[in-house]
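> Read off the chains here:
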Amino acid sequence: MNTSGVDWAAVKADFPVLQRMIDGQRLVYLDSANTSQKPNAVIDAMSDFMRNGYAPINRSAYRMAGEATDLFEGARGKVQRFINARSVNEVVFTKNATESINLIAQTWGRANLQAGDVVVLTHMEHHANIVPWHMLVAERGIELRWIPLTDDGLLDLSNLSSLLDGAKVLSFTAMSNVLGTITPVKQLCAAAHAAGAIAIVDACQFVPHNVTDVQAWDADFAMFSGHKMVGPSGIGVLWGREELLEAMPPFLGGGNMIGDVRLDGFTTAELPSKFEAGTPPIVEVIGLGAAVDYLSNIGMANIRQHEMQLTEYAMSTLKARYGDEIVIHGPRNVEVRGAVLSFAFRDIHPHDISQILDEKNVCVRAGHHCAKPLMKLLGANATARASFYIYNDQTDADALADALDGASDIFGV
Amino acid sequence: MPGLEDLYREIILDHYRTPRNRGELAPPAVMAEGHNPLCGDEITIYAQVENGILVDVKVSGQGCSISQSSASMMSQAVKGKSLAEIQALIHRFKVMMSIEEDSDDVPAVEVKMGDLEALQGVVKFPVRIKCAILSWNTLLQALDNASA
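Line order of the protein sequences matches chains D and H. In terms of the working numbering, the first sequence opens at residue 1 and continues consecutively. In terms of the working numbering, the second sequence opens at residue 414 and continues consecutively.
One should not assume that every hint holds.
[Unchecked claim] Only part of the chain H face toward chain D is listed, based on derived beta-carbon distances under 7 Å:
#: 1; residue: LEU417
#: 2; residue: CYS452
#: 3; residue: GLY453
[Claimed, not checked] Keeping only pairs whose Cα atoms sit at most 30 Å apart, straight-line, the calculated DSSO-like set for lysine-lysine is:
#: 4; chain 1: H; residue 1: LYS525; chain 2: H; residue 2: LYS471
#: 5; chain 1: H; residue 1: LYS492; chain 2: H; residue 2: LYS525
#: 6; chain 1: H; residue 1: LYS525; chain 2: H; residue 2: LYS543
#: 7; chain 1: D; residue 1: LYS372; chain 2: H; residue 2: LYS471
#: 8; chain 1: H; residue 1: LYS537; chain 2: D; residue 2: LYS360
#: 9; chain 1: D; residue 1: LYS78; chain 2: D; residue 2: LYS186
#: 10; chain 1: H; residue 1: LYS507; chain 2: H; residue 2: LYS494
#: 11; chain 1: H; residue 1: LYS543; chain 2: D; residue 2: LYS360
#: 12; chain 1: D; residue 1: LYS319; chain 2: D; residue 2: LYS372
#: 13; chain 1: D; residue 1: LYS372; chain 2: H; residue 2: LYS537
#: 14; chain 1: H; residue 1: LYS471; chain 2: H; residue 2: LYS492
#: 15; chain 1: D; residue 1: LYS95; chain 2: D; residue 2: LYS186
#: 16; chain 1: H; residue 1: LYS543; chain 2: D; residue 2: LYS95
#: 17; chain 1: D; residue 1: LYS376; chain 2: H; residue 2: LYS471
#: 18; chain 1: H; residue 1: LYS525; chain 2: H; residue 2: LYS537
#: 19; chain 1: H; residue 1: LYS507; chain 2: D; residue 2: LYS372
#: 20; chain 1: D; residue 1: LYS372; chain 2: D; residue 2: LYS186
#: 21; chain 1: D; residue 1: LYS376; chain 2: H; residue 2: LYS543
#: 22; chain 1: H; residue 1: LYS543; chain 2: D; residue 2: LYS372
#: 23; chain 1: D; residue 1: LYS12; chain 2: D; residue 2: LYS360
#: 24; chain 1: H; residue 1: LYS507; chain 2: H; residue 2: LYS492
#: 25; chain 1: H; residue 1: LYS537; chain 2: H; residue 2: LYS471
Simulated from the structure, these hints should not be mistaken for lab results. Just so it is clear, the structure is predicted and the values come from calculations on it, not from any experiment. All residues carry an ideal CB built from backbone N, CA and C; glycine is no exception.
With the hints as constraints, model all of the structure from the sequences given.
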């Protein structure tokens, strides 16, 4: 497969773990919606920094500390351009998208939400965009409303305006980690604003696979994790409109986030340090910067194109081979879905499917995918999920289809 | 890597396809629900205890072949047994799953593992141990509820 001149075989070769053989078989990694593999460019950037230049940032006068600060802040600039944020002050480094949502709920939420205030979510949210709000239900008595789904796994927006009536927050995923559904982010942000609510976009599954433009979305907050976009674990991003971040109280207290500390109180640092207490994950931030460069060199539009073709191929192949014996959840149209295939196969439990696929080194996720309310809606307590990324190709989809045959041999179905 | 035949023994698949003691029991039987928070598997155990004997036990819920067959075999093994025998069996099973040390503290009650021996292959697949153990912990919870 060749999209827009990208050499996808060369991309695959950039990921050393994919050269690994287990029991004489190659690795077929189909769990990137969970966490992605890492290219040499990221591994090298992180190990070079630790070998040759590791130093603290923002607080020491020696040259190596200055270099480290430049690399760290340089990575922030890369992230800013990658999502088209207005300013580097709008890019806050967190541990992951989960921490980013908790930060908003605990700071903006506590400052702005009172008993009876309404937060609107959707039925396809990850627990990370449910539980922080449930915590405010318990603490503040806020009310949650839920945007339902259509039968084909899209958001059912037919009652959107009544759901948003009087709401303070609309917080929703840009792409479902279970169904792959890509939601109409721009439309939802506009609807939220029309109702007087802020719009929070969980972009954790979206950013690694698509061109992201937070200004075009006209969102208020968005978040994502480094480890799903070929970067390291332990680093995530909170993007927020500067005036909102300015007005919010701080989250964690400690070093780096202060302007002044006296016996009788403290003042906060300027953005974005205000939300970055303590020594940050310096190595991981530099790794994330390298990941952004790596993805940008391929081109996010090319990546989206590649994944649409691959998703179409995988869905057609599985359907052609197994017909009604396989049920793939979510929309059939790849224009509105990412490369995430949650499926049920011949009444075999997803755990058993993933165990049997593992025999062929095909790595998929089995479980509830941290989306139990959605699972309930699908009438399942678990699904198997294969997810594709830049280093996957048609042979990986074929390997999945072949390996599924083995499940029937064991279970005799 | 250990072979799948160590995991999916015929007797396990038989209990998975035809689970024993499926169903529910009405009060005064006690019940307990077990969840595997990592994967969403759910199991409910109903236990009827009379004079220190588990006179009846039923299992409901859904899950993978390992969790369901373990629950099915467990229900057969514990039904009609005294609570002391059941405690000893639970300990023996957890030792087999490598999550409890074999110790001399446990009362020396004679217990037979029977079909449950088939599950010893699970220990070679560490991620699946939590599947096998779910029903046992849920039974413990139910018995606690019975004595409460």
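> With reference to the structure, classify each hint as holding or not holding.
Status of the hints after comparison with the structure:
| no. | hint | verdict |
| --- | --- | --- |
| 1 | LEU417 | 6 Å, holds |
| 2 | CYS452 | 4 Å, holds |
| 3 | GLY453 | 4 Å, holds |
| 4 | LYS525(H) x LYS471(H) | 20 Å, holds |
| 5 | LYS492(H) x LYS525(H) | 13 Å, holds |
| 6 | LYS525(H) x LYS543(H) | 22 Å, holds |
| 7 | LYS372(D) x LYS471(H) | 26 Å, holds |
| 8 | LYS537(H) x LYS360(D) | 17 Å, holds |
| 9 | LYS78(D) x LYS186(D) | 23 Å, holds |
| 10 | LYS507(H) x LYS494(H) | 18 Å, holds |
| 11 | LYS543(H) x LYS360(D) | 23 Å, holds |
| 12 | LYS319(D) x LYS372(D) | 26 Å, holds |
| 13 | LYS372(D) x LYS537(H) | 29 Å, holds |
| 14 | LYS471(H) x LYS492(H) | 9 Å, holds |
| 15 | LYS95(D) x LYS186(D) | 27 Å, holds |
| 16 | LYS543(H) x LYS95(D) | 28 Å, holds |
| 17 | LYS376(D) x LYS471(H) | 24 Å, holds |
| 18 | LYS525(H) x LYS537(H) | 22 Å, holds |
| 19 | LYS507(H) x LYS372(D) | 29 Å, holds |
| 20 | LYS372(D) x LYS186(D) | 26 Å, holds |
| 21 | LYS376(D) x LYS543(H) | 22 Å, holds |
| 22 | LYS543(H) x LYS372(D) | 19 Å, holds |
| 23 | LYS12(D) x LYS360(D) | 19 Å, holds |
| 24 | LYS507(H) x LYS492(H) | 18 Å, holds |
| 25 | LYS537(H) x LYS471(H) | 29 Å, holds |
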